[in-house]
Amino acid sequence: MNTKKIIGLAVLACALPAVARAQKTAADGIAEYRKMLEDGNPAELFEAKGEDLWKQPRGPKKVSLQACDLGLGPGVVKGAWVQMPRWFADTGRVQDLESRLVSCMSTLQGFDAAELIKTPFGRGEMANITALATWIAGQSHGLRFALPQGNVEEQRFYELGKRAFFFRGGPMDFSCASCHGEEGKRIRLQDLPDLTMNPGDGIGFAAWPAYRVSNGQMWSMQHRLNDCYRQQRFPYPGFASDVTVALGVYMGVNAKGAQSIVPAIKR
Amino acid sequence: MKQRTLLATLAAAAAVLTLGCASLPAPDVLDAQADAMIKASFRDQGIAKVDRLNRDLGQKACSSDKAPSDAVAKQIEAESLASIKWPSGGQYLGDWRKGEKLAQNGRGMTWTDRSADPKSNGAQCYNCHQLSKEEISFGTIGPSLYHYGKQRGVKDPLAPESAATLQYTWGKLWNSKAYAACSNMPRFGHMKLLNEEQIRDVMALLLDPQSPVNR
Amino acid sequence: MFTRRQMLQRSSAVVTALGGLGLLPQAAQAAFNAPAFEAKTMADLVKALGVSMPTESKDVTIIGPDIAENGAVVPVGCASSLPGVKRLLILVEKNPNMLCAMFDVSDSVEPSFNTRVKMGQSSNVMAVAITADNKVLFSHKEIKVTLGGCGG
Amino acid sequence: MADPMRIRAQAAGDKTTVRVLMSHEMETGQRKDSSGKVIPAWYIQEVSATHNGKPVLSAQWGPSVAKNPFLQFVVKGAKAGDKIAISWLDNRGDKRTDEATVS
Chain A
1 MNTKKIIGLA
11 VLACALPAVA
21 RAQKTAADGI
31 AEYRKMLEDG
41 NPAELFEAKG
51 EDLWKQPRGP
61 KKVSLQACDL
71 GLGPGVVKGA
81 WVQMPRWFAD
91 TGRVQDLESR
101 LVSCMSTLQG
111 FDAAELIKTP
121 FGRGEMANIT
131 ALATWIAGQS
141 HGLRFALPQG
151 NVEEQRFYEL
161 GKRAFFFRGG
171 PMDFSCASCH
181 GEEGKRIRLQ
191 DLPDLTMNPG
201 DGIGFAAWPA
211 YRVSNGQMWS
221 MQHRLNDCYR
231 QQRFPYPGFA
241 SDVTVALGVY
251 MGVNAKGAQS
261 IVPAIKR
Chain B
1 MKQRTLLATL
11 AAAAAVLTLG
21 CASLPAPDVL
31 DAQADAMIKA
41 SFRDQGIAKV
51 DRLNRDLGQK
61 ACSSDKAPSD
71 AVAKQIEAES
81 LASIKWPSGG
91 QYLGDWRKGE
101 KLAQNGRGMT
111 WTDRSADPKS
121 NGAQCYNCHQ
131 LSKEEISFGT
141 IGPSLYHYGK
151 QRGVKDPLAP
161 ESAATLQYTW
171 GKLWNSKAYA
181 ACSNMPRFGH
191 MKLLNEEQIR
201 DVMALLLDPQ
211 SPVNR
Chain C
1 MFTRRQMLQR
11 SSAVVTALGG
21 LGLLPQAAQA
31 AFNAPAFEAK
41 TMADLVKALG
51 VSMPTESKDV
61 TIIGPDIAEN
71 GAVVPVGCAS
81 SLPGVKRLLI
91 LVEKNPNMLC
101 AMFDVSDSVE
111 PSFNTRVKMG
121 QSSNVMAVAI
131 TADNKVLFSH
141 KEIKVTLGGC
151 GG
Chain D
1 MADPMRIRAQ
11 AAGDKTTVRV
21 LMSHEMETGQ
31 RKDSSGKVIP
41 AWYIQEVSAT
51 HNGKPVLSAQ
61 WGPSVAKNPF
71 LQFVVKGAKA
81 GDKIAISWLD
91 NRGDKRTDEA
101 TVS
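Residue numbers (my numbering), protein chains in the order written: chain A, 1 to 267; chain B, 1 to 215; chain C, 1 to 152; chain D, 1 to 103.
In short, the hints are calculated from the structure, not lab data.
Quick caveat: nothing in here was measured; it's all calculated off a predicted structure.
Yeah, the Cβ is synthetic: ideal placement off N, Cα and C, and Gly gets one too.
Check before you lean on any hint, since a few could be wrong.
For lysine-lysine, the following DSBU-like pairs were computed, each having C-alpha atoms within a straight-line distance of at most 30 Å [to be verified]: (1) D:Lys32 / C:Lys135; (2) D:Lys79 / A:Lys118; (3) A:Lys118 / B:Lys39; (4) B:Lys133 / B:Lys150; (5) C:Lys135 / B:Lys101.
Beta-carbon label-pair distances, calculated as ranges [unchecked claim]: (6) A:Gly184 / C:Ser81: 26 to 32 Å; (7) A:Gln66 / D:Ile39: 35 to 41 Å; (8) D:Lys83 / C:Ala34: 29 to 35 Å; (9) D:Lys79 / C:Lys141: 30 to 36 Å; (10) B:Ala163 / C:Lys94: 43 to 49 Å; (11) A:Lys118 / D:Asp33: 17 to 23 Å; (12) A:Lys35 / C:Ala43: 34 to 40 Å; (13) B:Gln151 / C:Lys86: 56 to 62 Å; (14) D:Asn52 / A:Gln66: 14 to 20 Å; (15) A:Gly184 / B:Pro25: 33 to 39 Å.
Sequences are here, hints too, so could you generate the full structure?
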């Protein structure tokens, strides 16, 4: 179309060293793209749904989740996300937000926990758990991660999570650390946070749940971990299984002080 | 009443005692617990079976934030080098155009892939490496391979002076651990991620002076 | 500012009220122009819209990033500073059907709209403005769609 | 019925910026499911807006508008307390209207 202008630009661009140009343009372009998406994150739709689900009487017992204890007392939502996973006395387990929601939905509302856990992501009650997690996590927007480590089980889960993080296996010899064990690396154009430390505000553990642009889905941390393991070419991790919770403790404790920006929007 | 209070006090003290005494297990106990936890947490899905969690010597030795001992690293490298299958008929090079397609393709071997046949897999090169100046979307986990052949002085890949580079490159693609025990790079030949023909195509991409890598 | 819940409650109450009165605004809308949305070329598109081929104009603006990290969601905007614009279109040249969105401009809104489109590959993206006196003008920009992630 | 929209309408001077998020699949009709069957097209075709009941905008969309669509536009003359209502209609005949108060 405007051939002259395009040629002009091309000539100008060629004056720069090829690689440096590609690098700068790509990084700037991606930053510009991400900025344009910030205003109007479809995650808001899931937050609104999650808030409704929290307050609605639901399940066989027709009660709401408002008596659910997320670690800060029954019904306290604000601040809960940045202190999870943590140990819960009533279940005697270290739980992340989603495994805790499964507990509350089964004890308070009468849902069958085993059924909930085997529901695929994005379907039925699992879609509801994701929406709930999105709203609950969003209520800690701007707060800083401070997972409790006072209980020995919490400490043990950190150690187990660390071992899981470095566990190398599968046909491609990948571990979590293959991609997330060093600073400043990326896959294609996507920056990879170093999850062995606090990678910074709103990065890594502090950026999920997030709306995934690539498939238009809302992804919780459980879903994020599940797909990491898929890409790692591992077998299928059970929803809320110990390995996923332990990894949550490892990454969450490492992220101490990082500010949560969730719900985020991601490629 | 008094007795009940006493009992309660005792119970509370016992609880405190239990908690207070509870301490973190020793590192080797934690190692065993982690292995058991991992085993219990995964299940088969499609082509991704739980036997993928059974680690060989190298995978096990490289499953920590600490590097393996020199002796173990040497053993892994020696065993890996010995395992390399060199190309049939000494033919190292295929079609760089097919190689570029493979380099762009990051698919294969996940539980959502139907088949584990190498023909359905990509070589994933761009995920971690820069290869050409045309493709700006490349990863940085591995070093840049732009001008890979050119920088190694490969003017004619079939000339005798190119033989050592050809051999090393084939070996690296077949079993990267032959040259670095804990390399992040998959073992494409050894783990049957790519077949010989596909590796020849990737070789051509890296070494043919006409490929986008060396142009 | 209302809380989200208040807003949602309001929203659903209003739906019922408007629906009951038969006042849902879409009743007033024109029929969907299927041929325009099925057009594969600019010639087909202008034919479906009953207008002439567009000419390039700096009075029409297309907004978008230079690079899209993912083609599934690409933020784009169209605007015009021309008086008497009655329609603004967003087009992606290399999509199977090029027309993405068509906005009818009234006196009560600014001739400027932002939305997000899907792009199958890197392409020229255009904003087209049609004025009340049937002038058809456009501007364009190239948006590069990158491959990302592990690709599996 | 479809999930509610998120509508934010913010006045600055005599102009109100309206941002809308709609919950919709926006299926193109060009994708196949895992068994190879084409997933039928399902997308919003018509969008309209009213300001205190008076139509101010109508739009037609194709399936290449992104999933969970976002729309931003500016209404002239709207002020705090006014009502902005948005409606959509998809190719299956499903529809939804939501309203927000200008802040």
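We went through each hint and held it up to the structure:
1. D:Lys32 / C:Lys135: This hinted pair is violated, its Cα atoms lying about 40 Å apart.
2. D:Lys79 / A:Lys118: 50 Å, violated
3. A:Lys118 / B:Lys39: Holds, at about 18 Å.
4. B:Lys133 / B:Lys150: 14 Å, holds
5. C:Lys135 / B:Lys101: 45 Å, violated
6. A:Gly184 / C:Ser81: 26 to 32 Å: Once the Cβ atoms are compared, 43 Å apart, the range 26 to 32 Å for Ser81 of chain C and Gly184 of chain A is violated.
7. A:Gln66 / D:Ile39: 35 to 41 Å: Holds: the Cβ-Cβ distance is about 38 Å, inside 35 to 41 Å.
8. D:Lys83 / C:Ala34: 29 to 35 Å: The hinted range 29 to 35 Å holds for Lys83 of chain D and Ala34 of chain C, with Cβ atoms some 32 Å apart.
9. D:Lys79 / C:Lys141: 30 to 36 Å: Since the Cβ atoms of Lys79 of chain D and Lys141 of chain C sit about 35 Å apart, the hinted range of 30 to 36 Å holds.
10. B:Ala163 / C:Lys94: 43 to 49 Å: 45 Å, holds
11. A:Lys118 / D:Asp33: 17 to 23 Å: Holds, at about 21 Å.
12. A:Lys35 / C:Ala43: 34 to 40 Å: Check passed, 36 Å falls within 34 to 40 Å.
13. B:Gln151 / C:Lys86: 56 to 62 Å: 60 Å, holds
14. D:Asn52 / A:Gln66: 14 to 20 Å: 37 Å, violated
15. A:Gly184 / B:Pro25: 33 to 39 Å: 35 Å, holds
Checked against the numbered hints given earlier, the structure breaks hints 1, 2, 5, 6 and 14 and satisfies all the rest.
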